[in-house]
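When you get a sec, could you build the whole thing from the sequences and use the hints?
Chains as they are written, first to last, in my numbering: chain S, -17 to 349; chain C, 391 to 527.
Since the hints were derived computationally from the structure, they do not count as laboratory data. Among the clues, some could well be false.
Claimed, not checked - Computed footprint of chain S on chain C; a stretch qualifies when at least three of its residues, placed anywhere within it, have a C-beta under 8 Å from a C-beta of chain S:
(1) 407 to 421
(2) 429 to 442
To be verified - Derived Cβ-Cβ restraints for the label pairs, each shown as a range:
(3) S:Gly61 to C:Arg492: 29 to 37 Å
(4) C:Glu401 to S:Arg22: 54 to 62 Å
(5) C:Val449 to S:Pro265: 48 to 56 Å
(6) C:Ser451 to S:Glu331: 16 to 24 Å
(7) C:Asp521 to S:Asp77: 53 to 61 Å
(8) C:Arg478 to S:Pro49: 22 to 30 Å
Claimed, not checked - Example chain S residues on the side facing chain C (calculated, C-beta under 10 Å, incomplete):
(9) Glu12
(10) Arg54
(11) Met318
(12) Ala324
Note that the Cβ used here is the ideal one computed from N, Cα and C, for glycine as well.
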Amino acid sequence: MSEQVLERARESETRLGIVDCDIHPMLRSEKALLPYLSQRWREELTTNGLRTRNPFVASFAVPKATPALSRRDSWPPSGGPPGSDLDFMRAQYLDAYGIETGILQVLIPSGKDQRNPGFGAAVCAALNDWQVAEWTAPEPRLKASIIIPAEDEEASVAEIARCAGRKDFVSIFISARTTEPLGRRRYWPIFAEAERQGMPIGIHTGGSNGIAKTPSGWPSFYFEDHFGDALAMQPLLTSLVLEGVFETFPALKVVMIEGGFGWAPALGWRLDQHWARMRREVPHVKHPPSHYIRRQVWFATQPIEEPAERRDLRTLIDWIGWDRMVFASDYPHWDMDDPRLAFKIALGEAETRAVFRDNARAAYRLA
Amino acid sequence: MTRHVVASVGEIPPGGRKLVSVGGRSIGVFNVGGAFYALLNRCPHQGGSLCLGERVGLVLSDEPGVYRYTRPGEMLRCPWHGWEFDIRTGQSWCDPRRTRVRTYPVSVEPGEALVKGPYQAETFPVTVEADYVVLEV
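Okay, here's the thing in structure tokens:
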């Protein structure tokens, strides 16, 4: 049966150029950041190094499934960690799959999560210049996301303004775990600037805020930690709705990346139910919460949901909206989705074009 | 089905593997305790190069905190998503009914029998003195 699925996927494969909203480039080493830092911050990096609020300085708070979080076949033959070699990324991924546009999301190191705020802002700016110099300039298929020190809204706005004019950048990156729920007023200047620039904010799973990832405390297993990615997205999205971010910035676009999407319809139902009962507490939320989610939120497909009855995936996307799903691979990470095989249902031609290309082209204003 | 000589027995010791290309297919040949098995190098989940994955045992547990590490080296984990497959049967541990990687019959033949044909060994020198791993594809 599984082999039949593979055959069908092969037949329906088209030469459609794919827009992939989640590709992870990686520094060859921390030292690769040095040319992009001022002398003052070079010394910070070499003397004190990167310091976040998480336990463990040089590792993840919870061990990951694989070394460097990556596919075991994604280590470049040239050395360096997965995602650090453009030629190998071209051969193993961009060329092999016909990627028309790949949107970069830099996870490590996290400028936003640095304890020294000045250093954090410098790390963000360095990563932005590094993305242009080493990825988007030599490879026009790649586009960058502006990395911002989101806990410092003034520095964030300045960094967005510095980068947004360059055609290399198509979105703004914020990792999901901020020190306060993301809808809080202190983050609003970022939303205002994003809306002004017409750039979507891509909220990507991860980051560290020193708080346990789950509402029940620190997890024991990576299994549990990984599931927490879907959990972390829900209060974040709820905060954006209830604080009035979508009401205040109606043209703001948010793309939820790598948090799954199976939970999204149920979250909308629950919030709408509460809105009917508790709306008086948040009268600035003029519409049912699901209205704002439907209007201003996109969901990246990876990690694809794999319901036991495969056709349930279609129902799920019907509920969210076929115009709101954008393909993401997460290359080169271990849980990446293969664009040809991730969907275990056959998509129609219009659906394929929408999910794999056109929705992202529109949301990110590509081409 | 055509029979292909893909290795000498000594080339794939117990615990070892060899990736071969036969009839346009990439296939992994595994030695599990002296017996040979062959699996298509394509994970039925999302197409990862399964035969490059880690060889592991099957970890079982009757209650939380108590583990049994069984059948060392008999399971293969996909290098992408970590799905576990039984090298002997090609079955997925978590979804054995629906998800199975294609397996191919493998036998060990003496070189003496092979030099007469009709086996295909275009790229592989066969001598009468050794034993060979023969794959049916």
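Going through the hints against the structure:
| no. | hint | result |
| --- | --- | --- |
| 1 | 407 to 421 | violated (count 0) |
| 2 | 429 to 442 | holds (count 8) |
| 3 | S:Gly61 to C:Arg492: 29 to 37 Å | holds, 34 Å |
| 4 | C:Glu401 to S:Arg22: 54 to 62 Å | holds, 58 Å |
| 5 | C:Val449 to S:Pro265: 48 to 56 Å | holds, 54 Å |
| 6 | C:Ser451 to S:Glu331: 16 to 24 Å | violated, 47 Å |
| 7 | C:Asp521 to S:Asp77: 53 to 61 Å | violated, 42 Å |
| 8 | C:Arg478 to S:Pro49: 22 to 30 Å | holds, 28 Å |
| 9 | Glu12 | violated, 26 Å |
| 10 | Arg54 | holds, 4 Å |
| 11 | Met318 | holds, 7 Å |
| 12 | Ala324 | holds, 6 Å |
Checked against the numbered hints given earlier, this structure breaks hints 1, 6, 7, 9; the rest are met.
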